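> So the chains spell out like this:
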Amino acid sequence: MKEFLAQGGYAFFVWGAYGMAALLLIVEVVVLARRRRTILTRIGRLVRMRGAKTP
Amino acid sequence: MKVNWFKFAAPANFYPVAGWLVSVFAVLAAAAILIGLYWGFFETPSVLGGTNPQKEYYRIIFIHVPAAWMSMWLYLVLAGWCAIGLVFNTRLSYMMAAAVAPTGAIFTFLALWTGALWGRPSWGTYWDWDPRLTSELILFFLYLGYIALHSAIDDTRRADKAAALLAIVGLICVPVIFWSINCPDPTQCAALHQRSSLSQMESNILSSMLIMAFGFWMYSFAAAFARLRGIILEREADTAWVQELATKEARR
Chain Z
988 MKEFLAQGGY
998 AFFVWGAYGM
1008 AALLLIVEVV
1018 VLARRRRTIL
1028 TRIGRLVRMR
1038 GAKTP
Chain U
-2 MKVNWFKFAA
8 PANFYPVAGW
18 LVSVFAVLAA
28 AAILIGLYWG
38 FFETPSVLGG
48 TNPQKEYYRI
58 IFIHVPAAWM
68 SMWLYLVLAG
78 WCAIGLVFNT
88 RLSYMMAAAV
98 APTGAIFTFL
108 ALWTGALWGR
118 PSWGTYWDWD
128 PRLTSELILF
138 FLYLGYIALH
148 SAIDDTRRAD
158 KAAALLAIVG
168 LICVPVIFWS
178 INCPDPTQCA
188 ALHQRSSLSQ
198 MESNILSSML
208 IMAFGFWMYS
218 FAAAFARLRG
228 IILEREADTA
238 WVQELATKEA
248 RR
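From first to last, the protein sequence lines are chains Z and U.
Per our numbering, the first sequence runs over residues 988 to 1042.
Per our numbering, the second sequence runs over residues -2 to 249.
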């Protein structure tokens, strides 16, 4: 395991590259998943507000 | 079975299809990336021979090359949807273009970032104004330019058209990147990227790289369709079907 993490002494380069890739892709997935919910909640709130005005 | 494909050009009809596609492509992407990473890290030699041996850091290839391929391919897709939008004036095409751009920008950045971390141990430098590095950097700015121009114009239809023109003009960058290593005389133009051929690669390395490329491609589909769903909802917020959907979600 230790040997695997060391990558022959090139851990900084290998994990620096893989770390950034993982970070960006995971952040993108989380942002996308949240965004749709946020939009739907916002539209839902707008619809309810409008509905309350016109009985 | 006869399917009327034009039906799906309407955002309301494509929205549920996109949701289904997101799950399919996400599963494919996760599977390919896991297999590719396992193969790449555990079934490959740790040192590549030759006069200038590549040590463990060559494993950056499994994300560097797929990310670079995706950066160029997604730009072609982006410009393609922009062109279809301009020719046929279809709203969904512009939405597809806008949905692809951020994922393309991410892969372009990743190609540059992983390239820098690979360049340092193998070439002795993080950055050089090598033709391929420079043109890839310009591609990154083109993606950012498309996104910035689109968000700077309030009127969505005008934003779509203006940004689409920019994307199509910027298309010239893709062949430049692709052929930027075809240096006829190495003493005339110093290029760090040398001409290489897939057939010369060790078969385990080649397979893991291709599987990772497939994984990144499937990931791009999933991310673009997920973003498309958000864009459809935002742009169709005033329509009955979106409002119905929003009230249904709120009740849950």
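Everything labelled a hint here was simulated from the structure, so no lab data went into it.
What you are looking at is a predicted structure, and each value in this text was computed from that prediction instead of being measured.
Where is the CB? At the ideal position from N, CA and C, for every residue including glycine.
Among these hints, one or two may not hold up.
Said to hold, decoys possible - Okay, the calculated bits of chain U under chain Z, using three or more residues with CB under 8 Å as the criterion:
1. 64 to 73
2. 99 to 111
Unchecked claim - To give an idea of the chain Z side of the interface with chain U (calculated C-beta under 10 Å), a few residues:
3. Met988
4. Lys989
5. Gly995
6. Phe999
7. Phe1000
8. Ala1004
9. Tyr1005
10. Leu1011
11. Leu1012
12. Leu1019
13. Arg1023
14. Thr1028
15. Ile1030
16. Gly1031
17. Val1034
18. Gly1038
As the list claims (entries may be wrong) - Computed, partial: chain Z to chain U, Cβ under 8 Å:
19. Gln994
20. Tyr997
21. Val1001
22. Gly1003
23. Met1007
24. Ala1008
25. Glu1015
26. Arg1022
27. Ile1026
28. Leu1027
> Each hint: holds or not?
Cross-check of the supplied hints:
For a cut-off of 8 Å, the count of residues in the region 64 to 73 of chain U with a CB near a CB of chain Z stands at 1, and the three-residue condition is violated. Coverage of the region 99 to 111 of chain U by chain Z holds [criterion: at least 3 residues with CB-CB distance below 8 Å; count 7]. Checking Z/Met988 against chain U: minimum C-beta separation of about 12 Å lies over 10 Å; hint violated. Interface hint at Z/Lys989: violated, since its Cβ lies 14 Å from the closest Cβ of chain U, which is beyond the 10 Å cut-off.
For Z/Gly995, the interface hint holds, the least distance from its beta-carbon to any beta-carbon of chain U being 4 Å, beneath 10 Å. Residue-level restraint check for Z/Phe999 holds (minimum Cβ-Cβ distance to chain U is 8 Å; threshold 10 Å). The criterion of a C-beta within 10 Å of any C-beta in chain U is met by Z/Phe1000, whose closest approach is roughly 5 Å, and the hint holds. Because the beta carbon of Z/Ala1004 sits about 4 Å from the nearest beta carbon in chain U, less than 10 Å, this interface hint is met.
This hint holds: Z/Tyr1005 has a C-beta 6 Å from the nearest C-beta of chain U, less than the 10 Å allowed. Because the beta carbon of Z/Leu1011 sits about 5 Å from the nearest beta carbon in chain U, less than 10 Å, this interface hint is met. Given the 10 Å rule on beta carbons, the hint for Z/Leu1012 holds: about 7 Å separates it from the nearest Cβ of chain U. The criterion of a C-beta within 10 Å of any C-beta in chain U is met by Z/Leu1019, whose closest approach is roughly 4 Å, and the hint holds.
The criterion of a C-beta within 10 Å of any C-beta in chain U is met by Z/Arg1023, whose closest approach is roughly 5 Å, and the hint holds. Contact between Z/Thr1028 and chain U, as hinted, is supported at the beta carbon level, the nearest pair being about 7 Å apart and thus within 10 Å. Because the smallest distance between the Cβ of Z/Ile1030 and any Cβ of chain U comes to about 4 Å, under 10 Å, the interface hint for this residue holds. With a least beta-carbon distance of about 4 Å to chain U, the hint placing Z/Gly1031 at the interface is held under the 10 Å criterion.
For the restraint placing Z/Val1034 at the interface with chain U, the shortest Cβ-Cβ distance is roughly 5 Å, inside the 10 Å limit, so the hint holds. Taking 10 Å as the C-beta contact cut-off toward chain U, the hint placing Z/Gly1038 at the interface holds, the least distance being around 9 Å. This hint holds: Z/Gln994 has a C-beta 4 Å from the nearest C-beta of chain U, less than the 8 Å allowed. Hint status for Z/Tyr997: holds, given a least beta-carbon distance of 4 Å to chain U, under 8 Å.
For Z/Val1001, the shortest C-beta to C-beta distance to chain U is roughly 6 Å, which falls under 8 Å, so the interface hint holds. A least Cβ separation of about 5 Å between Z/Gly1003 and chain U falls short of the 8 Å threshold, and the interface hint therefore holds. Because the beta carbon of Z/Met1007 sits about 5 Å from the nearest beta carbon in chain U, less than 8 Å, this interface hint is met. For Z/Ala1008, the shortest C-beta to C-beta distance to chain U is roughly 5 Å, which falls under 8 Å, so the interface hint holds.
The closest approach between the C-beta of Z/Glu1015 and any C-beta of chain U is roughly 6 Å, which is under the 8 Å cut-off, so the hint is satisfied. At a threshold of 8 Å, the smallest CB-CB gap from Z/Arg1022 to chain U is about 5 Å, leaving the interface hint in force. Interface restraint check: Z/Ile1026 against chain U, minimum CB-CB distance 5 Å, threshold 8 Å, status holds. Taking 8 Å as the C-beta contact cut-off toward chain U, the hint placing Z/Leu1027 at the interface holds, the least distance being around 5 Å.
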